[in-house]
Structures are given as structure tokens and as C-alpha cells.
Amino acid sequence: MWIALSYASWGISIVLALWMLYDWFKVDTTFSEEVLTSSREGDLEAVSEKHRI
Amino acid sequence: MTIALEPAVQEPAAQGDRVSLLRVLGPAHVWALGVGIVLVGEFTGWNFAADKGGALAALIVCWVVGLLYTSVAMIDSEVTSTVAAAGGQYAQAKHIVGPLMAFNVALFLVFAYTMLEVSDAILLGDTIVAKAGVEGLNHNAFIAATIVVLAWLNYRGVLMTLNVNFVITALAYVSIVILFFSVSPWTQGAVLKLNELVTPGNALPYGWIGVIAAFQFGIWYYLGIEGTTQAAEEVRSPARSLPYGTMAGMITLLIAAAMTWYVCASMMPWEYLGTTYYPLWDAAKLTGSPLLENLLFIATLLAALASANGCINDAARAWFSLGRDRYLPSWFAAVHPRYRTPYRSILFLLPIALAFAFIADLNQAITFSILSGVLQYTFMSINIIMFRKKWPLGSIRRGYTHPFHPLPAIVLFCLCVVTFFAIFLGFGSQLIAMVAFYFLISLWFHFYRYKFVRRGAQFTMPWPKPQGY
Amino acid sequence: MSRYTPPEQSKAGQVFDIAVVVVAIFVALWLPLKLGLAGAAKSIDALDAKTWEALGQNATMASIWEKLGYTPETAHDIIQNRFHYVIDWPTLIIMAAVLIGYFVFLFRASDREYRDVINEKFDDK
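Residue numbers (our numbering), protein chains in the order written: chain E, 1 to 53; chain L, 1001 to 1469; chain D, 2001 to 2125.
Just so you know, these hints were derived from the structure itself, not from any lab. Accuracy of the hints is not assured; some may be wrong.
Straight-line Cα separation of at most 20 Å, EDC-like style, residue types lysine to aspartate or glutamate; simulated pairs [unchecked claim]: (1) L/Lys1465 <-> D/Asp2077; (2) L/Lys1389 <-> D/Asp2111; (3) D/Lys2050 <-> D/Asp2077; (4) L/Lys1465 <-> D/Asp2116; (5) L/Lys1451 <-> D/Glu2053; (6) D/Lys2067 <-> L/Asp1282; (7) L/Lys1193 <-> D/Asp2048; (8) D/Lys2067 <-> D/Asp2077; (9) L/Lys1451 <-> D/Glu2120; (10) L/Lys1193 <-> D/Glu2008; (11) L/Lys1285 <-> D/Asp2116; (12) D/Lys2121 <-> D/Asp2111; (13) L/Lys1131 <-> L/Asp1361; (14) D/Lys2067 <-> D/Glu2053; (15) D/Lys2042 <-> D/Asp2077; (16) D/Lys2067 <-> L/Glu1293; (17) L/Lys1193 <-> L/Asp1361; (18) L/Lys1465 <-> D/Asp2088; (19) D/Lys2042 <-> D/Asp2088; (20) L/Lys1451 <-> D/Asp2077; (21) L/Lys1131 <-> L/Glu1293; (22) L/Lys1465 <-> D/Glu2120; (23) D/Lys2050 <-> D/Glu2073; (24) L/Lys1465 <-> L/Asp1361; (25) D/Lys2050 <-> D/Glu2066; (26) L/Lys1193 <-> L/Asp1282; (27) L/Lys1451 <-> D/Asp2017; (28) D/Lys2121 <-> E/Glu33; (29) D/Lys2042 <-> L/Asp1361; (30) D/Lys2034 <-> L/Asp1361.
In isolation and in its complexed conformation, chain E is listed as follows (with noise of 0.2 Å):
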């Protein structure tokens, strides 16, 4: 049952692995570079918190 339990870990992180490397690639090549790293910080801050005395 143990055995069986570990071969199935091996299975499901080498499926995940590979469905994230997927999605990563999708992500890079659908999205321009300036989208993908547009966050900036405080941008909300800058919205929602007032640091008004």
C-alpha cells in the first residue's frame, strides 16, 4: 500500500510539474512582458490607505 502510495506522489508532482510549465509557457507567450509586470508597489496603498493626519 506504502509503495503504492509513493509511486502515486511521484505521479501526481510530475503531472502538476508539467500542467504548471504548460501554463507557464501559455501565460508567457499569450501576454506582452509590460502586462504580465505591470504591478507596482503601493498602487493600492495609494488608493486605500490615506496616511492623512
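Chains L and D: place on chain E using the hints.
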């Protein structure tokens, strides 16, 4: 919303064009992130403190290090409720001390969390192998599954990740409480035999130097609670949720640590307690109840999972922030357009964690993690003093103001010095090697890498100019 | 003060920098393992008489060891495996110097960089 009344905001609020992390988390998620990472320390790791100084030393450091972490939580809550950005202490350092410090702090974070994740995965693998007791069963399969499945979960979105963490952390916590109450903690002698196991003769087998040495693993009772700050950019109301979740987490952990010590020290001789990998699971076995034994076996796995899960979350955000400010190639700063997670950072750290989980052993991985943690706490004690100096109370809005300043900072600093000494007693050469690494990579950053960094733009908080500049 | 414009980094440069960081991480974490520097200084103080009494275990402790599946022979190496705390002053002084030097460098270099940041952020409007 009163955006229109705030012309001081410089960045255009054109959020539609941007892909950013999602603000979806509440205080319960913050609690789950903090406690989830740490709780595994009760299931393994803290007990090595007994090895270094005896059972009583483990209790003393549980309290004294608890004081250290209460200072950490208080200081962290104040700074982070004000500097609410992914990267947590990294963003704090960037705004308060300077870029090179921030770079180092981010590396402390990534190392501490990645090595903690590695320890969790090794623990999980070893626990399953110990339970199975099957000849030839290797822990690598379970290690790989842990790291990959959790990375996948993190890749798919932060809300689900932390919902899962909340559930498994709560289950693991409840199991400690159940174990505590099922050994009739109110009477000694029936199941618990504290006065026969911890005697005046063996309570401190190495004397007081053993107590000092035990500080190193005493850290493990609480290491990671400061990770709550990494969620700052994904919490709906950081100024309120972060202090609340962090403090609640700290209280929860102090209770869990006290219960764990009491049960374990009353059931096992310190020599065994100090070397086992599964103190709580062993305690459950010694009760003779199969139900408790299985419960604590599952709880050990859940705690390890929760911790590794939180660590992937935190390490990836710290790495992501480095990329976003171009401290590292900006390639890492990508956010997944659909899941809104720092997916490239998650993927990049995955093979590194896997590699170390396959080659290191539990003790070593834990030590790496502790080292980076203590370096970071040393920074925090100085950081808060600079923060209060540059922006005194009243000059900016703080979500939370911690009491008794500068006492917590001084306590924290002194305890860090003691812990460095404790690490020196046994792990000194490792400490020197680590610091040498940080020093070299700092030179690399200061003299080469920093030229790719924009200067004024990295200061993103809408604050007034710091005093003294 | 004029605004500092950082150079754009080429793709190859980015890849190279990532490689540098990865190698540095592996060297820092893996080398101590390889050189056997990691891990505490413990050694076994061997005893000839292998009984629970000789190992300093009272009746309660002995019964727990037995419940855990140990005999005095198998427990010997666990119980007698002890730390030997000696304060090696030269190493301690080196360690303290390395740590203090590191932090002093960090804060001073950070402060220099920080002044640029503040100047550009607040004087450049």
C-alpha cells in the same frame, strides 16, 4: 472612496491596465499564514532545545524566546500596518534603512522560508516512512509531492491557498488541545510523570550554558510568525488585519508551546525528547491509545503541510518584490493575469527547494532557517528605532502603535545577541559561512546590481520626507 | 538633482544575473553540508556498564524507554551522546567581528544609497 480629494497620489490610478496581486484576504487568513508556518515547530524542532540544555532549559527558552517574538510581533505590527506592501520586512527596510539592507532582508526571508519549507517536506516524508515501516520505502516521493502540490496550490491563487491553510492549521492545533486534555493534565502521576522525569539532577544537565545553547532551537517554537507581513498587498485592510492576525497568532502559539512542553516533558526522558523527530506523535504513542496516535500522526503531516504552504507563499512574495524593484531581474516581477499570483517566483523557487530537500537533513535545514531568521530579527530591532526617529509619532498615520518603545527593541536586540552566541556553541562555522555569503552578495549588489535600480521610484509610500535628510 | 536613469538590462544579462544568484545560493547552503561544517559538536561518552542505573535513568524513565522499544544497549548511544560546550575564544572573536563588520557595512552602504533615493524622491518634483 475619496480618491478625488487626494491629488497627492502620483501614480495614475489606471488599475484596469495593470495586473496586480488580489486584495482578498481577511484577518483569519493572516492568522492562518502566521500560525500555519509556525505550528510545525511544536511537532518537531523545539525539542532539540531539550537536547542542547535539558527539559527545563526547553521550558525556559519557550518563555524567553516567547518574549523575543512578542517584541517581534509588536514591532512588526507597527511597521507593517504602515508600510503595507508585498515583501513585508523587505519593503520596510527599503523605506526606512536603505536599498542594500532591503536586498539583504529579502534574502534572509527567502532563505529562512525556503529552508523551513525544506524542513517541512523532509519531516513529512520521514513521518510517513516511519509510520509505514516498510523496507525500502524512500521519503523522496513524499517530499516531491509535498513541494510540487503546494507550489501548484500557490500558483492557482492566494485565497484558496490560505483557506486550505486555515483549515489544516486549525485541525493540527485542535489535535494538540485534544492530546493535552486526554492525558489528564490536572493530575500528575496517572499519565504524566513530570516530577520523576525532570528531577533536580537532570533538569539542567549542562547547567546555565545549556540554557543559552538551547536558545537556538527555542527559536523554532515561533519561527515564521513574522511572515504575516508578506500578505500585506493581498489583505483587504492591512492596517487593521495585520496587527490583529499577528497578535492573535502569537497568543495562540504561546498557548500551544506551553501545552506541548508540559505534555512532552511529562512523558519522555529528556535524552529521548531531545533527539526524536516526532515529540508529539511519540507522546501520543506513549498514551497507548491508537486513536490518539493516529490523530497526532495526521496532525504532524497537516502541520508540515500548512507550514510548507505558507513558506512557499512568503518566499515567493519576497522574491517577487525583489524583481519588481529590479534588485533582481524584473522577469521575476510577473503576476499571473488569471490567478494573480507571482507565478514565476513560485516556479523558480520550486526546484531549489526540491534540490535541498533531497540532499540536506532535517537538522541542517532547520539551522539554515534559524540563522537567517535571527539575522532578520537583529535588523528589525534597529529598524524600529530608525523608523520612530525618521517619522516620529504623529507625522504619518500608523495602523497600530506599539507600547513601551524602545523597550521591545532593546529586548529583541539583546535576545538576538544571546541567540548568536547560542548558535556559536555548536554551529559557529555555519554561521560564519552564511554571513560570508551575505557579505559577498551584498558587495555584488552594492557595486554592480544596484545600477539597474531606479532611485526615487522605489520609495512608494505617500509619506513626508524623513527627518534628518 | 537630476533623475537617475538606470540602463536597461539585456536578456542575456538578466539570465546571467539569475545564474550568479543561484550559484551563490547553492554554494552558501551546500558547501557547509559538503565540508561537514554543518551540525553540532556532539560525541559519545562511552560507558562500560550498560544498565539503566549506570545511564542515570530511574525506574519511570527506564519503563518509558522500554515502552519505546529500547534496551540499555540501544539507548546507550542516545543518552551518552553529549554536547561539549567549550568557548573557543578565537573563533568567538572572529564570529563577533564578522557579524559586526557585516552589519556596519550594511547600514553604512544602505545609508549612502538611501540619501540618493530621498533626494530624488523629494527634491525632484
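Tested hints:
Pair hint lysine 1465 of chain L plus aspartate 2077 of chain D does not hold up; C-alpha atoms about 62 Å apart against a cutoff of 20 Å. Of the pairs offered as hints, the one joining lysine 1389 of chain L and aspartate 2111 of chain D holds, with about 14 Å between alpha carbons and a cut-off of 20 Å not exceeded. For the hint linking lysine 2050 of chain D to aspartate 2077 of chain D, the alpha-carbon distance of about 10 Å falls within 20 Å, and the restraint holds. The straight-line distance between the Cα atoms of lysine 1465 of chain L and aspartate 2116 of chain D is roughly 13 Å, inside the 20 Å bound, and the hint therefore holds.
The suggested pairing of lysine 1451 of chain L with glutamate 2053 of chain D is violated, with an alpha-carbon distance near 67 Å, which exceeds 20 Å. Between lysine 2067 of chain D and aspartate 1282 of chain L, the direct Cα distance comes to roughly 11 Å. Compliance with the 20 Å bound is thereby established for this hinted pair. For a cut-off of 20 Å, the pair hint linking lysine 1193 of chain L to aspartate 2048 of chain D is broken: about 29 Å separates their Cα positions. For the suggested pair lysine 2067 of chain D and aspartate 2077 of chain D, the alpha carbons sit about 18 Å apart, so the restraint of at most 20 Å is met.
For a cut-off of 20 Å, the pair hint linking lysine 1451 of chain L to glutamate 2120 of chain D stands: about 15 Å separates their Cα positions. Under the criterion of a C-alpha separation no larger than 20 Å, the hint pairing lysine 1193 of chain L with glutamate 2008 of chain D is inconsistent with the structure, at around 67 Å. As the CA atoms of lysine 1285 of chain L and aspartate 2116 of chain D are separated by approximately 61 Å, the hinted pair breaks the 20 Å bound. Using a Cα cut-off of 20 Å, the hinted pair lysine 2121 of chain D and aspartate 2111 of chain D holds, with the two alpha carbons roughly 15 Å apart.
A distance of roughly 19 Å separates the Cα atoms of lysine 1131 of chain L and aspartate 1361 of chain L; the hinted pair therefore holds under the 20 Å criterion. Between lysine 2067 of chain D and glutamate 2053 of chain D the alpha-carbon distance is near 17 Å, which keeps this suggested pair within the 20 Å criterion. Of the supplied pair hints, the one linking lysine 2042 of chain D and aspartate 2077 of chain D holds, its CA atoms being roughly 11 Å apart against a limit of 20 Å. Taking the CA atoms of lysine 2067 of chain D and glutamate 1293 of chain L, the gap is near 14 Å; set against the 20 Å cutoff, the hint holds.
As the CA atoms of lysine 1193 of chain L and aspartate 1361 of chain L are separated by approximately 32 Å, the hinted pair breaks the 20 Å bound. A hinted pair counts as satisfied when its Cα atoms are at most 20 Å apart, and lysine 1465 of chain L with aspartate 2088 of chain D does not qualify at roughly 47 Å. For the suggested pair lysine 2042 of chain D and aspartate 2088 of chain D, the alpha carbons sit about 15 Å apart, so the restraint of at most 20 Å is met. About 56 Å separates the Cα atoms of lysine 1451 of chain L and aspartate 2077 of chain D, which puts this hinted pair outside 20 Å; it is violated.
Taking the CA atoms of lysine 1131 of chain L and glutamate 1293 of chain L, the gap is near 10 Å; set against the 20 Å cutoff, the hint holds. As the CA atoms of lysine 1465 of chain L and glutamate 2120 of chain D are separated by approximately 11 Å, the hinted pair is consistent with the 20 Å bound. Proposed proximity of lysine 2050 of chain D and glutamate 2073 of chain D is supported: the alpha carbons are some 6 Å apart, at most 20 Å. Restraint check: the Cα-Cα separation between lysine 1465 of chain L and aspartate 1361 of chain L comes to about 48 Å, which exceeds 20 Å; the hinted pair is violated.
For a cut-off of 20 Å, the pair hint linking lysine 2050 of chain D to glutamate 2066 of chain D stands: about 14 Å separates their Cα positions. For the hint linking lysine 1193 of chain L to aspartate 1282 of chain L, the alpha-carbon distance of about 15 Å falls within 20 Å, and the restraint holds. The straight-line distance between the Cα atoms of lysine 1451 of chain L and aspartate 2017 of chain D is roughly 13 Å, inside the 20 Å bound, and the hint therefore holds. For the suggested pair lysine 2121 of chain D and glutamate 33 of chain E, the alpha carbons sit about 27 Å apart, so the restraint of at most 20 Å is broken.
With a CA separation close to 16 Å, the supplied pair lysine 2042 of chain D and aspartate 1361 of chain L stays within the 20 Å bound. Between the alpha carbons of lysine 2034 of chain D and aspartate 1361 of chain L the distance comes to roughly 12 Å, so the proposed pair stays at or under 20 Å and holds.
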